[in-house]
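Listed below are the residues making up each chain.
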Amino acid sequence: MKFMTLMRKELREILPWILFAAIAFLAIGFFNITLLGHNPGYNWQYSGFEPGLDVDMHQLLSTSVLGINSVWLFLISIAFGLAIGIRQFWVPFFKKTWAFEFHRSINRRTILTTKLSAGIIAFLLALGTIWTFFYIYSSRPDFSMVPPSIRNFLEGWIFITIGFLAYLATALTALSRTHWYTTKAFGFPFAIIILTITFSQWKLSQALITIIIGIVLLLSQIIYTFLNREF
Amino acid sequence: MTLKNITKYIAKPSKIFTTAVIILFAIFIVQLFTIQMHNMMHAKAWEKASKQTAKEPKKELTEKEKKLEIMTSSKKEFLSDGTIFYTKQKTKKKDLKIYDADVNMVWKGRKKNNPYDFILWPEKILDSRRYNNLHHYKTISPELSRSIQVPVRTKEKIPQIWRYNWDKGYFKGFAPDGKILGYLGSAGFTQKRSNATPLGTLEGYRAWCPEDSYSPTLLWLTKRKVYQINFEK
Chain D
70 MKFMTLMRKE
80 LREILPWILF
90 AAIAFLAIGF
100 FNITLLGHNP
110 GYNWQYSGFE
120 PGLDVDMHQL
130 LSTSVLGINS
140 VWLFLISIAF
150 GLAIGIRQFW
160 VPFFKKTWAF
170 EFHRSINRRT
180 ILTTKLSAGI
190 IAFLLALGTI
200 WTFFYIYSSR
210 PDFSMVPPSI
220 RNFLEGWIFI
230 TIGFLAYLAT
240 ALTALSRTHW
250 YTTKAFGFPF
260 AIIILTITFS
270 QWKLSQALIT
280 IIIGIVLLLS
290 QIIYTFLNRE
300 F
Chain G
428 MTLKNITKYI
438 AKPSKIFTTA
448 VIILFAIFIV
458 QLFTIQMHNM
468 MHAKAWEKAS
478 KQTAKEPKKE
488 LTEKEKKLEI
498 MTSSKKEFLS
508 DGTIFYTKQK
518 TKKKDLKIYD
528 ADVNMVWKGR
538 KKNNPYDFIL
548 WPEKILDSRR
558 YNNLHHYKTI
568 SPELSRSIQV
578 PVRTKEKIPQ
588 IWRYNWDKGY
598 FKGFAPDGKI
608 LGYLGSAGFT
618 QKRSNATPLG
628 TLEGYRAWCP
638 EDSYSPTLLW
648 LTKRKVYQIN
658 FEK
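Taken in order, these protein sequences are the chains called D and G.
Numbering-wise (this note's numbering), the first sequence opens with residue 70 and increments by one.
Numbering-wise (this note's numbering), the second sequence opens with residue 428 and increments by one.
To be clear, the hints were calculated from the coordinates, so they are not data collected in a lab.
Among the hints, erroneous ones may be present.
[To be verified] Distance condition first, Cα-Cα at most 25 Å in a straight line; then the derived SDA-like pairs of lysine to any residue: (1) G:584 to G:660; (2) G:435 to D:132; (3) G:652 to D:201; (4) G:584 to D:71; (5) G:565 to D:230; (6) G:502 to G:531; (7) D:253 to G:433; (8) G:565 to D:128; (9) G:439 to D:249; (10) G:565 to G:650; (11) D:164 to D:254; (12) G:595 to D:278; (13) G:435 to D:201; (14) G:660 to D:201; (15) G:606 to D:132; (16) D:71 to D:298; (17) G:595 to D:104; (18) G:493 to G:510.
[Unchecked claim] One side only, chain G facing chain D, incomplete, derived with CB under 7 Å: (19) 573; (20) 576; (21) 604; (22) 608; (23) 636.
[Unchecked claim] Computed spacing ranges between beta-carbons, pair by pair: (24) G:509 to D:211: 54 to 64 Å; (25) G:581 to D:210: 15 to 25 Å; (26) G:494 to D:127: 39 to 49 Å; (27) D:96 to G:582: 37 to 47 Å.
Beta carbons are placed, not taken as given, at the ideal position from N, Cα and C, and that holds for glycine.
Chain G extracted, bound-state conformation (with noise of 0.2 Å):
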């Protein structure tokens, strides 16, 4: 069999193949336009009819209904040992209300006064926003992939380096001469490659600087576990 026949078995199928890849992304260029354009021209109609159901007289709710209202537009918090807290947020007033496991609210009031914030998990962790940003960063782009770099500083000068791997999981540690200090993972510092851990799939993290520190110290959130990491212990 020359050449010549092989090509021809797989020309054939891959531009059929090709030319089917490039009908069904047209297709959902232009379904996306369609939907969109859609939308923009029906959405004064949208809102002229969500405002005359709001103004048609609610039906009262039992008790039970209720209950079963806020259970499923509430945010479910639970505590390690299994206990569940219902939360509702007002996005634009920042107004709070908390119910527990029966539905009986505890707490009313603004966010920042919230005697119950154990419960909830920090914004800055929780914030969907930042997972897609975080994704985004590792993502191949003509800028290249950015990687995250934890300094150790004095006020003058800067020691150290950590460069977060994100194929191997784990930070590596670089000195000013460019020396490799050694690898943070899961199972604590290591001067071996070797021997270092994956911290686990990243999912987000916080950073500050303790009082009495100029290095920035990491609540780093996995799948699985939660980090605190302080580079310079």
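Chain D with its partners taken away, still in its complex shape (with noise of 0.2 Å):
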């Protein structure tokens, strides 16, 4: 019941900023769909296509339908990650409301579980949810004849990751005990690292695998600090 009553809070906290991430993915992929349906379509791409010509191999690389909303799903994600994690972790300090979350009956454990846990959550919803029906809508036979691919449907769950990432990133800082000048923002180029080391994959599968690494290394410290640090 009282997680359940926290969950509540810290997804009342950022709701606004769910609904603006939501938004702003479905309005701006949506503009991007109207404009790929004025696009001439395969006829126009493959139309220097004559007998007896040798075809240069870039024309037969395709972009998915997709890839027209990934960029703003990557830079959402990120953006998304790092004001929910201000937002959760940062705004307590500046507004010195830590002794009133820690005054009820509730362990820092569950405190700690209910902002990760809402963090996920606003992820899933602004998000992930949004991504999946623009992949469940642009599959449909009437609004392209190759659908996307599986692969790239997950490389934009791989995106949405890498904003969760960003949120680590911003929470770790925050509860970083360090000086400025020290260690206290490293949270932030391990993150880039991550990202770096993420986009030079060729396989879904060790794209993740480095990714959910990068989580693990940052999740253990924020756990680690939350638990034991003075607010």
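Given two chains presented individually in distinct reference frames, assemble the corresponding complex, making use of the accompanying hints.
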């Protein structure tokens, strides 16, 4: 019961950001898809293929219809991670409300669990559901002759987990007790390194393993710091 | 053992690891920057030194040394029966020299007039930049990985499109109504996905439209095999 009450409180606090990210992604995505509807399509793309002519290999390479929204998903996901990380872990420092959070008869573990669970739910609601919707929408035969591949769909989910990594990096930086000029902000460069390694992978499984390692390393430090530090 | 204790044993090593990774990464970037700066600063000095070396009189090589020099500096082309040819090309002039297995020159001239073109791979397949591009296209990026799609087309319409699956290594065919036409792998065409077999690791490909067709035919080079794929048939 207490857990659910806390969860509602956390979700209520980040609700404006959830709505903002969801509406922004939905609006930009639909605008892009409408533009794609005016695209002359494959007949135009392959119009240069004439008998007896060489075909440049680049003419055969195609970007998925989901590709038009994936850049936005990537950018919004990182921005969303930073925003809710700041809202959940930094704002209580600015407003000095940590003491209020801890005064209830709830242990720190539950408080942290609700914060992180609310973060995960926020990503699923704001970006996950809309990305899945775009995938289903663009898989319809009347939209495109070749539907987007499962690989492209999963790549979108990797961008969402990258956003979650940015969220954890923000949380760790906020909670860290070290000074600014030492290791306080090390969560961010570490997230950037994980991002760089992920973007050099060819296999989805390798990319996913890289992100999971990054999440485990950041999460273990967040849990330890949150349970031990003084607020 | 409480969560507090468990995380203590994981959090501290992970913090050390994270810090070490960041420091190593920073050193790597500084190193790259330093080397680049060093190269830029010394480029002129090296150019001057190499010009000076070129002016110095060269030592006359013996016949054996000349052959050895050709063998080491040439590209080796093998025929299926094991015969070796040495080829040497001046990149700017497009002049080609071909030597046999005993390093005797068998032909010299403009590359386009080469009568021994059967010993060379098509340039488009061997271009290393294109290999890298292929890997680049399947790398995860914000624009998503790209796929190879081959249309089967007439002058007016496109009745089929075949998409290559990077992970599975075979083609999947789509009709205009979105229906799946079948799969094309190393064992040929099949309608069941379970029967589709991978073509092998892709190394490069070349495409052209035959004289009587608007649909591209592919020369598909994998690590072990070369396929000629015509999607119309």
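Okay, the hints, checked on the actual structure:
Under the criterion of a C-alpha separation no larger than 25 Å, the hint pairing residue 584 (chain G) with residue 660 (chain G) is consistent with the structure, at around 17 Å. Only pairs whose Cα atoms come within 25 Å are accepted, and residue 435 (chain G) paired with residue 132 (chain D) is rejected, the gap being roughly 46 Å. For a cut-off of 25 Å, the pair hint linking residue 652 (chain G) to residue 201 (chain D) is broken: about 38 Å separates their Cα positions. A threshold of 25 Å between alpha carbons decides the hint, and for residue 584 (chain G) with residue 71 (chain D) the separation of about 63 Å lies outside it, so the pair is violated.
Simply put, residue 565 (chain G) and residue 230 (chain D) have alpha-carbon atoms about 19 Å apart, close enough for the 25 Å limit, and the pair holds. Of the supplied pair hints, the one linking residue 502 (chain G) and residue 531 (chain G) holds, its CA atoms being roughly 15 Å apart against a limit of 25 Å. With a C-alpha separation of about 22 Å, the suggested pair residue 253 (chain D) and residue 433 (chain G) falls inside the 25 Å cut-off, and the hint holds. Our distance criterion of 25 Å between C-alpha atoms is met by residue 565 (chain G) and residue 128 (chain D), whose separation comes to about 16 Å.
For the given pair, residue 439 (chain G) sits about 19 Å from residue 249 (chain D) by alpha-carbon distance, which is consistent with the 25 Å threshold. For the given pair, residue 565 (chain G) sits about 17 Å from residue 650 (chain G) by alpha-carbon distance, which is consistent with the 25 Å threshold. Restraint check: the Cα-Cα separation between residue 164 (chain D) and residue 254 (chain D) comes to about 21 Å, which is no more than 25 Å; the hinted pair holds. With a C-alpha separation of about 20 Å, the suggested pairing of residue 595 (chain G) with residue 278 (chain D) holds against the 25 Å cut-off.
Of the supplied pair hints, the one linking residue 435 (chain G) and residue 201 (chain D) is violated, its CA atoms being roughly 38 Å apart against a limit of 25 Å. At most 25 Å may separate the alpha-carbon atoms for a hinted pair to count; residue 660 (chain G) and residue 201 (chain D) exceed this at roughly 36 Å. Distance hint between residue 606 (chain G) and residue 132 (chain D) is fulfilled; the C-alpha atoms sit about 20 Å from each other, no more than 25 Å. Only pairs whose Cα atoms come within 25 Å are accepted, and residue 71 (chain D) paired with residue 298 (chain D) is accepted, the gap being roughly 23 Å.
The suggested pairing of residue 595 (chain G) with residue 104 (chain D) is violated, with an alpha-carbon distance near 32 Å, which exceeds 25 Å. Simply put, residue 493 (chain G) and residue 510 (chain G) have alpha-carbon atoms about 21 Å apart, close enough for the 25 Å limit, and the pair holds. This hint holds: residue 573 (chain G) has a C-beta 5 Å from the nearest C-beta of chain D, less than the 7 Å allowed. The restraint placing residue 576 (chain G) at the interface with chain D holds, with a minimum CB-CB distance near 4 Å, inside the 7 Å limit.
The interface hint given for residue 604 (chain G) is met, as the beta carbon of that residue sits about 5 Å from the closest beta carbon of chain D, less than 7 Å. With a least beta-carbon distance of about 11 Å to chain D, the hint placing residue 608 (chain G) at the interface is violated under the 7 Å criterion. Hint status for residue 636 (chain G) relative to chain D: holds, with the closest Cβ pair at about 5 Å, below 7 Å. Taking 54 to 64 Å as the suggested C-beta distance range, the pair residue 509 (chain G) and residue 211 (chain D) conforms, at roughly 57 Å.
Between residue 581 (chain G) and residue 210 (chain D) the CB atoms are about 20 Å apart, so this pair conforms to the stated range of 15 to 25 Å. In this structure, residue 494 (chain G) and residue 127 (chain D) meet the distance hint of 39 to 49 Å, their C-beta atoms being roughly 42 Å apart. For residue 96 (chain D) paired with residue 582 (chain G), a C-beta distance near 40 Å keeps the hint of 37 to 47 Å intact.
Checked against the numbered hints given earlier, this structure breaks hints 2, 3, 4, 13, 14, 17 and 22; the rest are met.
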